[in-house]
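S.K.: Generate coordinates for the entire structure from the input sequences, incorporating the hints supplied.
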Amino acid sequence: MIRHLISAADLSRDDALLILDTAGELAQMADRPIRKLPTLRGRTVVNLFYEDSTRTRISFEAAAKRLSADVINFSAKGSSVAKGESLKDTALTLEAMGADAVVIRHQASGAPHRLTGWVRGSVVNAGDGTHEHPTQALLDAFTMRRRLGRLDGLRVAIVGDVLHSRVARSNVLLLHTLGADVTLVAPPTLLPVAVSAWPCEVSYDLSTVLPKTDVVMMLRVQAERMNAAYFPTVREYSRRYGLDAARMALLPDHAIVMHPGPMNRGVEIAAEVADSGRSTIVEQVANGVSVRMAVLYLLLGGADPAGAELGGAELGGAELGGAELGGADPGTAEVLAGRAGGGRASPGQLRVGWLSGEASEAAR
Amino acid sequence: MTGRDMAASELAGSGTWLISGVRLADGELADLILAGGRITETGTGLTAAGARVLDGAGLIALPGLVDLHAHLREPGREDAETVLTGTRAAALGGYTAVHAMANTTPVADTAGVVEQIWRLGRQAGLCDVRPVGAVTSGLEGRQLAELGAMADSAAQVRIFSDDGRCVSDAMLMRRALEYVKAFGGVIAQHAQEPRLTDAAQLNEGEMSGLLGLTGWPAVAEEAIIARDCLLAAHVGAALHVCHVSTAGSVEIIRWAKSKGWRVTAEVTPHHLMLTDDLAANYDPVYKVNPPLRTRADVAALRAGLADGTIDCVATDHAPHPVEDKETEWQVAAFGMTGLETALRVVHATMVETGLLDWAGVADRMSARPAAIGQLDGNSPALSAALHGRPLDPGSPANLVLYDPAARSIVDPAQHASRSRNTPFAGMGLPGQVIATFLRGEPTVLDGKLAR
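The listed protein sequences correspond, in order, to chains A and B.
The first sequence maps to residues 439 to 802 in my numbering.
The second sequence maps to residues 174 to 624 in my numbering.
These are computed hints drawn from the structure, not numbers from a lab.
Mimicking SDA-like on lysine to any residue, the simulated pairs with C-alpha atoms at most 25 Å apart in a straight line are:
{"#": "1", "chain 1": "B", "residue 1": "Lys498", "chain 2": "A", "residue 2": "Arg558"}
{"#": "2", "chain 1": "B", "residue 1": "Lys498", "chain 2": "A", "residue 2": "Ala514"}
{"#": "3", "chain 1": "B", "residue 1": "Lys498", "chain 2": "B", "residue 2": "Gln587"}
{"#": "4", "chain 1": "B", "residue 1": "Lys498", "chain 2": "A", "residue 2": "Trp556"}
{"#": "5", "chain 1": "B", "residue 1": "Lys498", "chain 2": "A", "residue 2": "Ser513"}
{"#": "6", "chain 1": "A", "residue 1": "Lys526", "chain 2": "B", "residue 2": "Leu451"}
{"#": "7", "chain 1": "A", "residue 1": "Lys526", "chain 2": "B", "residue 2": "Glu496"}
{"#": "8", "chain 1": "B", "residue 1": "Lys498", "chain 2": "A", "residue 2": "Ala534"}
{"#": "9", "chain 1": "B", "residue 1": "Lys430", "chain 2": "B", "residue 2": "Glu366"}
{"#": "10", "chain 1": "A", "residue 1": "Lys650", "chain 2": "A", "residue 2": "Ala635"}
{"#": "11", "chain 1": "B", "residue 1": "Lys432", "chain 2": "B", "residue 2": "Ala396"}
{"#": "12", "chain 1": "B", "residue 1": "Lys498", "chain 2": "B", "residue 2": "Val280"}
{"#": "13", "chain 1": "A", "residue 1": "Lys526", "chain 2": "B", "residue 2": "Asp450"}
{"#": "14", "chain 1": "A", "residue 1": "Lys526", "chain 2": "A", "residue 2": "Val509"}
{"#": "15", "chain 1": "B", "residue 1": "Lys498", "chain 2": "A", "residue 2": "Gly522"}
{"#": "16", "chain 1": "A", "residue 1": "Lys526", "chain 2": "B", "residue 2": "Ala372"}
{"#": "17", "chain 1": "A", "residue 1": "Lys526", "chain 2": "B", "residue 2": "Asp456"}
{"#": "18", "chain 1": "B", "residue 1": "Lys430", "chain 2": "B", "residue 2": "Arg562"}
{"#": "19", "chain 1": "A", "residue 1": "Lys526", "chain 2": "B", "residue 2": "Asp252"}
M.R.: Shown next, in the form of structure tokens:
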């Protein structure tokens with residue numbers, strides 16, 4: 439497993455699947471009487487947020503707390519060289535406080551990269567400028583897999599302001615790694631000029647893409663794009679690239695509609711679409727907590743305080759492996775095995791069965 | 174005392190040097206005698222009574238380098254560089270003349286400020302500092318600065334530039350090009366269409382898309398260069414294009430020159446070597462304006478410099494204090510230092526690749542920039558500061574001795590510049606400047622400052 443999560447490209451297929459499988463285990467925790475695991479007891483997770491994003495911060499906070507970590511919220515909105523402390527000095531401060539992980543949200547692309555040079559703990563990118571938002575992509579993939587049962591070969595259309603979207607970047611990279619076929623749909627003005635080098639297809643026409651789509655992901659149109667000649671008017675954008683009920687009817691019956699939120703109802707997505715049975719928007723939020731728990735757990739190496747570089751192999755090793763599986767819930771383990779490997783395995787061979795063991799320990 | 178008087182008195186006070194067995198740019202081995210600020214004799218088996226002797230075996234002698242584009246930061250940002258530290262860096266890089274860009278605080282847009290910078294250069298005494306005057310007052314792009322007053326000042330400004338900003342208003346650019354014809358001036362344009370580069374961070378291409386950094390498209394440079402070439406042709410004026418960075422720009426300049434228009438151009442060492450993929454880790458040491466481009470652009474720039482489409486190498490030496498680079502990419506300052514590494518980078522990118530021989534290096538780093546800056550003797554007013562001349566008897570003794578066989582890792586801690594933002598840090602580069610002479614006096618000896 440990697441030490442930091444900065445880009446979805448940091449994740450190998452095995453890493454990504456391990457996170458999704460772990461998140462699946464953790465999601466089941468949410469239904470238990472006691473939802474807390476002792477796993478990260480004594481570890482400190484700092485939420486360093488330079489941008490307002492209550493939903494993402496709360497999601498990370500809930501994730502860390504359910505793993506029993508100590509959580510420090512550090513809001514540094516509007517900080518820059520011009521006003522206030524530099525990112526480096528803030529990083530050194532967090533380092534002095536003993537942060538085991540720093541979850542950073544920043545308006546500057548690459549700020550999490552810079553942070554990795556200044557802190558010893560793990561850095562988790564919670565959205566940097568117009569670069570990436572890898573945990574969003576992970577929760578999106580998790581949601582797709584839950585709803586549709588697979589990712590390999592899944593046809594995913596990502597629609598809207600790809601140029602400025604960190605969600606789109608992370609999704610293209612992650613979904614490609616996981617074997618899905620991505621098509622970006624946008625007006626040419628909202629696509630990077632070199633998008634042809636990305637591992638995906640590109641279309642300017644939403645209506646022709648929808649019938650061949652299993653998942654359609656609508657991106658938010660930021661207010662600041664509306665006056666910079668990316669498109670003539672909001673109404674025209676909505677007509678050509680918005681998802682309304684008539685367009686939704688072009689989708690195959692099983693297809694789902696996603697949105698990372700917050701939505702502009704009536705712009706990129708009509709209310710009747712957002713509130714329809716195809717919509718996974720609320721589910722995405724719930725899944726976000728499970729996925730972020732999995733990321734924090736795996737990056738911080740679970741109960742091993744020195745385990746910053748814990749590898750996937752170690753997870754299946756002596757400490758966490760089959761020996762502890764005696765108390766595991768075999769049903770859960772089989773579900774996981776089916777997802778991860780495509781086949782059935784005996785509980786003793788499962789890499790992530792330990793979670794069930796810990797969960798029952800916590801419940802006691 | 175005027176510049177001419179001071180220069181004359183310096184010539185008279187110089188000691189005598191015998192440089193033995195040095196290789197000249199044309200490949201010939203020769204001894205050089207420097208006396209009275211000039212090269213007095215060249216040949217083999219020369220002797221000079223009482224002269225200090227410098228063994229030139231294994232060294233190449235080139236005319237002192239001339240930089241058309243450096244940011245010496247004084248007045249205003251003495252935390253980044255001063256004229257003294259900047260000219261130390263220049264001397265160590267083999268330069269005997271540097272042009273100091275106008276974007277200081279206050280802006281070099283009046284006779285008073287350019288004279289101050291010129292005088293600081295005289296006091297430092299390490300190389301001739303030639304102030305560049307701003308084209309528009311305060312670099313604001315609204316009104317012409319008093320170009321004539323700067324030309325007539327003691328600093329005798331001949332190159333004018335709003336560098337860092339583009340004179341994007343076509344009418345203003347036309348007038349500036351026309352106006353400076355009266356005193357033989359040249360407008361050096363920072364070609365960057367501002368509306369196409371709003372908040373731009375990195376070359377627009379695969380990397381900018383991947384990194385989520387706002388793109389700086391090649392067309393924003395090329396469109397301005399094309400427009401300015403047409404304007405220069407229309408009014409019969411001289412245009413110099415700063416820091417050309419794209420393959421398309423080279424094509425446009427090649428076309429303009431084929432028309433016989435008075436267009437010259439420079440390329441920086443970093444654009445000859447580095448590419449935009451270095452930004453992958455968001456280290457702002459690679460943030461520069463114009464941005465690092467692609468391999469294809471680097472190849473076109475090298476070819477353009479080799480065939481003379483691009484006249485010269487200019488450093489765009491842009492020192493910044495640590496805190497202006499140790500930040501997020503998008504708030505970091507643009508710019509890289511370059512004076513102390515330029516010759517070595519040109520050696521690596523142009524000589525080791527076989528694109529230029531040492532005579533070519535002497536032309537692109539000394540003779541042609543000297544001609545563009547009117548330091549080559551063809552402008553009588555500037556005859557005191559002669560640069561870029563062949564190392565012949567009678568020429569001012571401005572020269573650099575360079576060891577092409579040396580090779581070392583670039584260590585910014587060893588640099589004389591006050592700033593450390595070199596993108597070549599940790600890189601192995603060929604060559605070493607052994608000595609630099611300014612009018613017969615060593616400014617650098619044994620690779621170290623001599624004064």
